[in-house]
Structure formats: C-alpha cells, structure tokens
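Asker: Residue strings, one per chain:
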Amino acid sequence: MRNILLIAEEWLRLVRSQKSFRILAGLSILLGLLLAAVEITPEEVKVLWSFRIPLGGTAESPVLANEIVYGILSFLITLLPLITAFVAVFTTGGVVPEMIRKGRLEVLLARPVRRYQVVLGAYVGGLVFTALIAGILLLATWVGLAVRGRFIGPEYFLNLPVIVAQYALISVITVWIGFTLRSGGAAIVVTLLLWFLGKMASGAYAIMVASKELTMDKELEGFQGFLAGPAGKVVAAAWWILPKPGELGVLTNQILDACLEDGLTRRLLTRAKQSAELAAATPPLADVAFSSGALIVFLLALTSWSLSRRDL
Amino acid sequence: MSDSSPISVRHLTKIFPGQPQGRRWPALDDLTIDVPRASIFGLLGPNGAGKTTLVKLLLGLARPSGGSGTLLGAPLGAVAARRKVGFLPEGQSFPEYMTARQFVAQGAALSGLGRREARERAVPWIEKVGLSGVLDQPIRTFSKGMKQRLGLAAALAHEPELLFLDEPTDGVDPGGRREIRDLVVGLREKGITVFVNSHLLGEIDQMCDHIAILNLGRLVTEGPTSEVKTKALGGASARDRVRYLVSSVGDDMRPFLAQIPGLIDRVDPTGTSLEVMLPATDNAASELIDFLRAAEIRLRTVQPLEASLEDSFIALIQADNRQRLGGSPQ
Numbered sequence: 000m001r002n003i004l005l006i007a008e009e010w011l012r013l014v015r016s017q018k019s020f021r022i023l024a025g026l027s028i029l030l031g032l033l034l035a036a037v038e039i040t041p042e043e044v045k046v047l048w049s050f051r052i053p054l055g056g057t058a059e060s061p062v063l064a065n066e067i068v069y070g071i072l073s074f075l076i077t078l079l080p081l082i083t084a085f086v087a088v089f090t091t092g093g094v095v096p097e098m099i100r101k102g103r104l105e106v107l108l109a110r111p112v113r114r115y116q117v118v119l120g121a122y123v124g125g126l127v128f129t130a131l132i133a134g135i136l137l138l139a140t141w142v143g144l145a146v147r148g149r150f151i152g153p154e155y156f157l158n159l160p161v162i163v164a165q166y167a168l169i170s171v172i173t174v175w176i177g178f179t180l181r182s183g184g185a186a187i188v189v190t191l192l193l194w195f196l197g198k199m200a201s202g203a204y205a206i207m208v209a210s211k212e213l214t215m216d217k218e219l220e221g222f223q224g225f226l227a228g229p230a231g232k233v234v235a236a237a238w239w240i241l242p243k244p245g246e247l248g249v250l251t252n253q254i255l256d257a258c259l260e261d262g263l264t265r266r267l268l269t270r271a272k273q274s275a276e277l278a279a280a281t282p283p284l285a286d287v288a289f290s291s292g293a294l295i296v297f298l299l300a301l302t303s304w305s306l307s308r309r310d311l
Numbered sequence: 000m001s002d003s004s005p006i007s008v009r010h011l012t013k014i015f016p017g018q019p020q021g022r023r024w025p026a027l028d029d030l031t032i033d034v035p036r037a038s039i040f041g042l043l044g045p046n047g048a049g050k051t052t053l054v055k056l057l058l059g060l061a062r063p064s065g066g067s068g069t070l071l072g073a074p075l076g077a078v079a080a081r082r083k084v085g086f087l088p089e090g091q092s093f094p095e096y097m098t099a100r101q102f103v104a105q106g107a108a109l110s111g112l113g114r115r116e117a118r119e120r121a122v123p124w125i126e127k128v129g130l131s132g133v134l135d136q137p138i139r140t141f142s143k144g145m146k147q148r149l150g151l152a153a154a155l156a157h158e159p160e161l162l163f164l165d166e167p168t169d170g171v172d173p174g175g176r177r178e179i180r181d182l183v184v185g186l187r188e189k190g191i192t193v194f195v196n197s198h199l200l201g202e203i204d205q206m207c208d209h210i211a212i213l214n215l216g217r218l219v220t221e222g223p224t225s226e227v228k229t230k231a232l233g234g235a236s237a238r239d240r241v242r243y244l245v246s247s248v249g250d251d252m253r254p255f256l257a258q259i260p261g262l263i264d265r266v267d268p269t270g271t272s273l274e275v276m277l278p279a280t281d282n283a284a285s286e287l288i289d290f291l292r293a294a295e296i297r298l299r300t301v302q303p304l305e306a307s308l309e310d311s312f313i314a315l316i317q318a319d320n321r322q323r324l325g326g327s328p329q
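These protein sequences, in sequence, are chains A and B. Note that the first sequence covers residues 0 to 311 in numbering that gives the first Met the number 0. Note that the second sequence covers residues 0 to 329 in numbering that gives the first Met the number 0.
Isolated chain A, as found in the complex (with noise of 0.2 Å):
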C-alpha cells in the first residue's frame, strides 16, 4: 500500500507541474467568481452591483428568475461532472506513457516494487488528481453561490465521490491502453471511444429496461420489437461490459433533489418528480456498481498481469 501511493505521489506531482491542472484550477475559480457577480432575484439579473437585466416576475411568480437558477444549478450538478471527467482524460492520458518511459520503469522496478503496485499507484494518482481539481471546482461554485446569499446544501460536495466514480470508471481504460500501448494519444482516443459506445449501450438499454415497465410511444415500438431479439442479448452483453458513467446520473439526480429542498418553486419540484420517475426507470444502480465494479478489477489485473509478463 505504501508503494502504491508513493507512487501515486509521483504520478500527482507529475500531472500537477503540467499547464493544464492549473488551467484547470484557475477556470474553477473564475466559474466561482462568475457566480458571485450573479444575483438572480425574481425581478431581475444583477451583474455586479449596477448593471440590471429585468426579468419581469414578481416574488409571487418568479418563473423565469427560477429557470436560470435551475439551469444553473443543472449545469453544475448534471453536467459538471461529465465534463469535470472529460477534461481529466485529457489530462491525465499522456501521464501514464511519460511515467513509464524507457529509463523510468527501470528504475522504480529496480527497488522493491511490485508491477501490479506501478499499475495502482498511477490508478490512485489520477482518482486523487481527479479529486483535487473537482474538489476545487465544486468548492468555488459553492462559495460563489453563497457570496450572493443563494446557499445550496452541503449534500451538493456529494458530487466530489460521483464525480470521482465516474472518472475512476472511464481512466481504468486510460490507464489499460496507457500501459499496453505506451502512448497517451491512443489512451485518450480508445478511452472517449469506449465512453461513446458505453453511452449509445446505455441508451438502448433503458430503452429495454423502461419497455418492459412503461408504455412505450409508437415510434419506439418497432425498435422495442428489435430488441426483443438477439440484438437485446447484444445490446446487454455490451451495457454489463462497457464502462458507463452516465448511469451515475442517478444519483446526480438525488443529490440535485437534496441540494433544492428547501425552497423549491412548483416547476422544480416537477422536475425532481420527473428525476425520479427517470430514475425509476433506468437500470438498478446494483447492476451499474457491480458491473463498473467488475470492470475496474478486470482491466486492473489484465494491465498488471501483461506488465508481470514483459521483459523491460
């Protein structure tokens, strides 16, 4: 355990002295920053303290106040982490090539290191680098939000480990490549394509998932018949193996529920109930956990194993 997280050390240094972490932190705080100049009032927008977009509602029909701040909130609780995960890939995609570059590996593995130990320490630095930069984010947004007297709940940090599930789920395929192909292009191209047919798998399962609960629209019926046959079979092999992270959109959608508890207009708390009828309706996050689960094993002991094999 010791090994691996001085070797996840090294792996944080490394992706922290480049550009992009600090890119990265400096637009969390700008987002931040953006948020405090904001006051959105059911009247009006209040950028800073004099310029005004009216929005004509009144504190008894703030319709139009409350779709920006739900809009907002959306994009901070739904898509952030995506996006958070995305960006991670990018980022930390070439670190694994450059950590085992000919004269590097040699060296770490001529002390008392285990391989396996290499494979999960950068495994580890890049879940903790993940951490660190949403840790950031969230805590800016969060405090930007609060400095024009909109606090959210403290169940919105719950973001933090859905945030950090979801890159852990996708970098395991990042640090696959990145080990067994040496080049971080290839890391990050084979990663995001994985991710994109992990999505489209996703898709047409909760479309299989829903047909056999709701009703489905006419238009969805003959593609429910075509998933009734081997192509189902296809369709669910593909959604168990593939990596998700999207299916953690459901508990992005309760965490959302928390953080708007109190104060809730009408229109938000239809969009909570429709949350949770979406919710109700995707696969069990049972099945999501243990088949990402079984994933990150799998792909951890493959890479370990193929690097226990090589000859340096």
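To be clear, the hints were calculated from the coordinates, so they are not data collected in a lab. Quantities reported herein were computed from a predicted structural model and do not represent experimental measurements. Treat each hint with caution, since some may be false.
[To be verified] Subject to a maximum C-alpha distance of 25 Å in a straight line, what follows is the list of computed DMTMM-like cross-link-like pairs (lysine to aspartate or glutamate):
1) A/101 / B/89
2) A/18 / B/95
3) A/45 / A/66
Model the placement of chain B on the given structure of chain A, informed by the hints.
Answerer: For chain B alone, coordinates are given in the frame of chain A:
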C-alpha cells in the same frame, strides 16, 4: 552456487522472442559467474554482447529463458533482495518536475526507508556527489553530468549492499569522473559490492579489481583484472612472463637482437627502443641489463609494462570471434 557471492548465476540463458532476424545466438548463453563480495566488478563487451541483458536479468527486469541465479542470496526476481540494491542505468530518464531532494528522497522511500529517514539521508548523498548548491532546484535545470551525479545519489541514498552502475560517468566532465571514481572506490572500502558496466576501458581498468568479458552472449573470460589482461598476451604461459620496455640513449640495439635474453616483442625503427618478454623470475631483468651493459649499450630505462585493458579486450574479442564465427568481421 556460492553463498558468499552477492551475485551468482549458473547457466543463465536469455532468448528474446523477437530477436533480430539472422541473429544465431541467444542474447545471453549459458553464463556462469560469481561476483566476489566487496569488489568492483567490471562487465565488458562489444555492443550486443549481452551486458544490459545480464543486468536486467539480475534485477528482475527480464525473465531468464534458462538457468538460475541469486542476488544477495535470494533467487533472481525476488523483490525483497532489491531493498539492498542500487541501480544507475544508462540514459536514465528523470522526472524533470521534481527537485533533487525530492527525487533522491522518493527513491530511498521506495527502497524501504521511512519518509523522514529518506529525506534526511537524501541530503548528505546529494552533497557527496557535488550537488549541494542545487538541492531544491528542479531537475529540468540540470545538465547531463549533473543528472548523472543525481542518479548516483539516488542509487546510493538507501545505502545498498550491491550497486549496479551502467556507464556511470556518461556525460560527466573529467574532474567529475575522478570524483565519481573515488566515490566508487570508497564504496568498496565500506564493503559494498559494485557491478560496473562501461565502455570506458580506462575507467574500468582503474576502478575494477575483477572483470568479465562477454561476447555474442557468452562469457569470454573473467577473473582479477591483472589476470585477464595477462591472459590476452598469450594464454596461460603469459602469467609467467613480464613485458619490459628497454630504451637506450641513442644506441642502436638491433645488431644484438638475436642475443638479447627473452622474446623481442616490438622494436622501433631506430633500434633505440624495444619491448622484451622475460620470464617472471627475480633475476631475469638483471640478466638483461647485464647483457646490454656488456654490449656497451647506454641504457635510459628498463621498465616493466602492463598490457593495457584495451589491448587485452580487443585481442580476446578477436580471438573469440575467430573461434565462433570463423573469422567473419563484426
């Protein structure tokens, strides 16, 4: 296997699956060798001889195709033995974003020292290799020679029992080379065994008390440095002979060549300087001097000569190539 040897291998063989086409020999072929404890052991060989392969097998970075061996008493590849091993590879790639202190401390920590102890031990070793002024500077600002010194500090900070050095003075200036040589010799005095892989034969000659020569994956010869050098001069009988350089103060010695005791090895065109092989007896040199004086040769010097390692190395490799490849050029 010899229990007292920090490195002991028997019939060690390595065949790479993707070996270059047309290559008929294994990367390492049936190598048996024991490295004496607290020695500086030099490994020599032309390119492709198998030197790097041997180091990788010893460090567990590659797996042998056959044979066996021990490193500090543990089987090759055992992780525990590597706690007491230091390694400075050729062309080491450094984490440019780290400082010298961080790099050396991290290496020592990975070799099993506690974090605090690793940090404490890093500083004196960085100072010993002459980098005290750049302790907290990022490695990206270092020259090649400075990086080489830093690599050496990192290989030593956990105070290993066995140190592998691959081209240790590569890129280091002449003054730095001497410092590194002195440091390595000092390690032997502390009981540390040093395994050096270098192309600089002069350096090996100065530092190493034992050498082994590899060619085409096989061991050509090994033993104490002086013995290996003598071997090249003519097989086993050469151990019983000493070569002398005889020079006169302008007198031509050529008319006496047939009568001079010993074997005349080399004569300069003017006949004022020649090399003679004499039996390694107490009075051989005296007899030579007596004869030359009797011939009224005014002597400038009569001095024993050691074969250079370079001469011996080339002679041994050429002989091995002739034997194995039927004299085909390399």
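Asker: If a hint holds in the structure, say so; if it does not, say that too.
Answerer: Hint by hint, here is what the structure shows:
1. A/101 / B/89: holds (10 Å)
2. A/18 / B/95: Holds, because 14 Å separates the two Cα atoms, which is no more than 25 Å.
3. A/45 / A/66: Holds, at about 16 Å.
Consistency with the previously given hints is maintained throughout, with no hint failing.
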